[in-house]
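Given next are the chains, with one letter for each unit.
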Amino acid sequence: MSNPDQSRMKQDCANKRECMQMLQLIVDGEATPEQKDHFLKHHLEECLPCFNNYHLEVAIRQMLKSKCSGDCAPQELVDSIKAKVIRNLAS
Amino acid sequence: MELEETAKQHYTDTERQQIFDNEFMPHINSMYNFAYRLTLDQDDSKDLVQDTYLKAYRFIDSFQKGTNAKAWLFRILKNSFINDYRKKSKEPSKVDYQEVESYYNSEEVDRQITPDLRVEALKDMIGDEISNALNSLDVDFRTVIILCDLEGFKYDEMAKILDIPIGTVRSRLHRARNLLKEKLSEYAKQMGYKTA
Chain A
1 MSNPDQSRMK
11 QDCANKRECM
21 QMLQLIVDGE
31 ATPEQKDHFL
41 KHHLEECLPC
51 FNNYHLEVAI
61 RQMLKSKCSG
71 DCAPQELVDS
81 IKAKVIRNLA
91 S
Chain B
92 MELEETAKQH
102 YTDTERQQIF
112 DNEFMPHINS
122 MYNFAYRLTL
132 DQDDSKDLVQ
142 DTYLKAYRFI
152 DSFQKGTNAK
162 AWLFRILKNS
172 FINDYRKKSK
182 EPSKVDYQEV
192 ESYYNSEEVD
202 RQITPDLRVE
212 ALKDMIGDEI
222 SNALNSLDVD
232 FRTVIILCDL
242 EGFKYDEMAK
252 ILDIPIGTVR
262 SRLHRARNLL
272 KEKLSEYAKQ
282 MGYKTA
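If you read the protein sequences in the order shown, they are chains A and B. Residue 75 in my numbering sits at position 75 of the first sequence, with consecutive numbering throughout. Remember, my numbering sits 91 above the position in the second sequence when you count from 1.
Please keep in mind that the hints were generated in silico from the structure rather than gathered at the bench. Incorrect hints may have been included.
[Said to hold, decoys possible] Pulled from the structure, derived: some chain A residues nowhere near chain B, Cβ distances all over 12 Å:
(1) Pro4
(2) Lys41
(3) Val58
(4) Met63
(5) Ser66
(6) Ser80
[To be verified] If we take Cβ atoms under 8 Å as the criterion, some of the chain B residues that face chain A in the derived model are:
(7) Gln108
(8) Asn124
(9) Val140
(10) Arg233
[Stated by the list, open to error] Listed next, the stretches of chain A that the computed footprint assigns to chain B, with coverage defined by at least 3 CB atoms under 8 Å from CB atoms of chain B:
(11) 18 to 32
(12) 71 to 78
The model shown is predicted, which means the values in this text are computed figures rather than measured ones. Note that the Cβ used here is the ideal one computed from N, Cα and C, for glycine as well.
Throw the hints in and build the complete structure from the sequences for me.
Quick look at the structure:
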């Protein structure tokens, strides 16, 4: 996606609600290629609220991923599970 | 216990051990994170993960080798959480989805649900704001965000993990994200960002 001239974009979106739903489908990877193509290539470049919303949605997901996941399970937990399963197999 | 209706398998001990080591254990970090985000307690999350893995082992014959082990494990964990932990925890009572979904479907919602949050404000949240905002959501809303945004499950996988229709997955997710944004806008305001 290019970086469009924001002053020349629509400042208000007539279909905010539908657009928001479409936008979430796209960011979640659930939209069809046609829906994606139409929305990202046509609508987003001319509609400022949707352009901003899109970038906000993407940023929120990136922040969630970096801040709320990536921790490792404690090693003692991993060891304890493995030991219990092996004991189970032996019995 | 199974995600799809599959015939019961009869694995040998060696096969069991292989499935457990190669298909189940690689998801331990995601499972721990899921458990922690649900219980918000380290000891409870360890117990929950351990219970889940032992259950998974016990019911391993219901698991079809090579299918989606992660979704299968997440479903067991979610069910264990509901059955064993949710009752004793101090979670507020379940939200009334009828009410939530009719709220979501009303036109009224448009004006209220779009908190003005900016990407710059979000990028400045370098502490625990995001994590706290997520944890502050009701557990059912928290769950869909974890499954979708943290773990990358597709809507149909989420529907199976949670035993709800895909339409409910979508509307719950939509509502959850709006609640999260509301919370994040509150933080942005506290940080001195003006909302338009």
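To see whether the hints hold, each was checked on the structure:
In this structure Pro4/A is separated from chain B by more than 12 Å, as the shortest Cβ-Cβ distance comes to about 16 Å. Every beta carbon of chain B lies more than 12 Å from that of Lys41/A, the smallest distance being close to 21 Å; the non-interface claim holds. Distance check on Val58/A: its Cβ comes as close as 9 Å (rounded) to a Cβ of chain B, failing to clear the 12 Å threshold; non-interface status is violated. With a least CB separation of 5 Å from chain B, Met63/A falls inside the 12 Å interface cut-off, contrary to its annotation.
The claim that Ser66/A lies off the interface is violated: its Cβ sits roughly 8 Å from the closest Cβ of chain B, which falls inside the 12 Å cut-off. The Cβ of Ser80/A does not lie farther than 12 Å from every Cβ of chain B; its closest approach is about 6 Å, which violates its non-interface assignment. Because the smallest distance between the Cβ of Gln108/B and any Cβ of chain A comes to about 6 Å, under 8 Å, the interface hint for this residue holds. Look at Asn124/B: its Cβ gets to within about 5 Å of chain A, closer than 8 Å, so that hint holds up.
Among the interface hints, the one on Val140/B holds; its C-beta lies about 6 Å from the nearest C-beta in chain A, closer than the 8 Å criterion. Proximity of Arg233/B to chain A is violated relative to the hint, the smallest CB-CB distance being about 10 Å (cut-off 8 Å). Counting residues of the stretch 18 to 32 of chain A whose C-beta lies closer than 8 Å to any C-beta of chain B gives 6; at least three are required, and the coverage claim holds. Residues of the stretch 71 to 78 of chain A with a Cβ under 8 Å from some Cβ of chain B number 6, which satisfies the need for three, so the listed coverage holds.
Of the numbered hints listed earlier, those contradicted by the structure are 3, 4, 5, 6, 10.
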